[in-house]
Amino acid sequence: MPQLFPRRANALPTVTLFGALGGGLLLVAFVWYYLSPEFYEVGYAPEQPVPYSHALHAGQLGMDCRYCHNHVEQSPHANVPPTQTCMNCHGVVKTESAALLPVRESWATGVPIEWVKIHHVPDYAQFSHAAHVNVGVGCESCHGRIDQMEVVYQAEPLSMGWCLECHRQPEDHLRDPALVTQMGYLEQMTEADIQQNRERIEREGIKPPQNCSACHY
Amino acid sequence: MTHRSLLALAVLAVGLGGCRGMTSEAPPIHPNLNMDYVQRFEAQEANPFFADGAAMRTPVAGTVARGQLKTAENAPFEYGRTADGAYVPEVPIEVTPALLERGQERYNIYCTVCHGYAGDGRGIVAVGNGGLGYGFSVPSYHTDALRARPDGYIYDVIQNGINTMPSYGHEIAPADRWAVVAFVRALQRSQAGSAADLPETERERLSTANPNVRQN
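Residue numbers (UniProt numbering), protein chains in the order written: chain U, 1 to 217; chain D, 1 to 216.
The following block holds chain U by itself, in its conformation from the complex (with noise of 0.2 Å):
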């Protein structure tokens, strides 16, 4: 009678063994990284109708956040400046830029211009820009550094878990209301800090929700 295994399958055993195992971490690997909002939600930065540069607005000319997203400290949708706010200026500085026709032809005719927009969070979830920039959540802390984007990317996940690790340990992130809009802080943020604002969520009585009643309503 036949062998029925030939020689070679005494190695099935050992390669099943290491195969599972290995593909095990294989996978747990490539979930990890490829399948986390880390990976297919940051780096977002679509074309926009007009080159707007946040570099130069914000950066180099040193506009301060609030002078185009005016109503962010009072409303929960920071908005988009409307083309009223770009003709401020553009109504007699570079009248003549070819980059800035879709804003001119917008002023003219009333239509809105159709900017791309990033950072979008499910429609479920609610989220308060006011509520945040008034205690002294940085927009740095979410954007990122907007001041250095020539184009505007997304900086961070807007994960659900990554609004958490800030609501259960919100020291590490918060700084004076004042200085909100000041880039760069996060840099400088020391451990004397972190306890200035431990002191300050005891005293104000900041308590960030944890619940599903506080975005998902």
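It is possible that some hints are incorrect.
Facing chain U, a subset of chain D residues (Cβ under 8 Å, in silico) [claimed, not checked]: (1) 21; (2) 22; (3) 24; (4) 35; (5) 36; (6) 42; (7) 54; (8) 57; (9) 108; (10) 110; (11) 135; (12) 170; (13) 171.
Think of the hints as simulated: they come from the structure by calculation, not from any bench.
Model, not experiment: these values are computed from the prediction.
From the three backbone atoms N, C-alpha and C, an ideal C-beta is built for every residue, glycine too.
Fit chain D to the known structure of chain U by using the hints.
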């Protein structure tokens, strides 16, 4: 090429091709889009129903929202004018240190771009373009003509604009406009005053402190 090096190449391609932190024009992949974009319009979304494509509609002219009726009584606050149309001579709300601080903050956000931090008309837009500016001049606040204007006039300029300066009424709310007016008045005082106008303690600090060191 052996199978082994092919496999290594494939692994390398996947590894490098999927580098985190790279920017991409491709929108994020959301496998379940059920409620990502729900069938209602949120602020500043697009609505294909209307000709201009905007979901936010302009209110009909002449309509008044509840709580926003402008009357002869609140005309000084809302318009900077009294009921008979004259500029109000002074800020119609109480000027407190808190209001001035608020005014300074708002001024630094909206006004410094052209008018400069000192109100001398040398903001970044006015002196930009390699120092040439952009073909318009920004007047300094520190002239007798502007010092003599009533407070309501400054309010009116913020609200409605003047010459090449557009209206800031859509950006700054009435209470903040008055805060800015108060701060502009303080700026004018700061450039026209002398050391004798200062309180004793401040004068002492000025005369002793090194101006190059920030005092906290």
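Each hint, compared with the structure:
1. 21: holds (6 Å)
2. 22: holds (5 Å)
3. 24: Because about 6 Å separates residue 24(D) from the closest Cβ in chain U, which is inside the 8 Å limit, the hint holds.
4. 35: holds (5 Å)
5. 36: Since the shortest Cβ distance to chain U is 4 Å, the answer is holds.
6. 42: holds (7 Å)
7. 54: At about 5 Å, which falls below the 8 Å cut-off, the nearest Cβ of chain U leaves the hint on residue 54(D) intact, so it holds.
8. 57: violated (12 Å)
9. 108: At about 7 Å, which falls below the 8 Å cut-off, the nearest Cβ of chain U leaves the hint on residue 108(D) intact, so it holds.
10. 110: holds (6 Å)
11. 135: holds (7 Å)
12. 170: Where the cut-off is 8 Å and the nearest Cβ of chain U is about 6 Å from residue 170(D), the hint holds.
13. 171: Holds: closest Cβ of chain U sits about 5 Å from residue 171(D), inside 8 Å.
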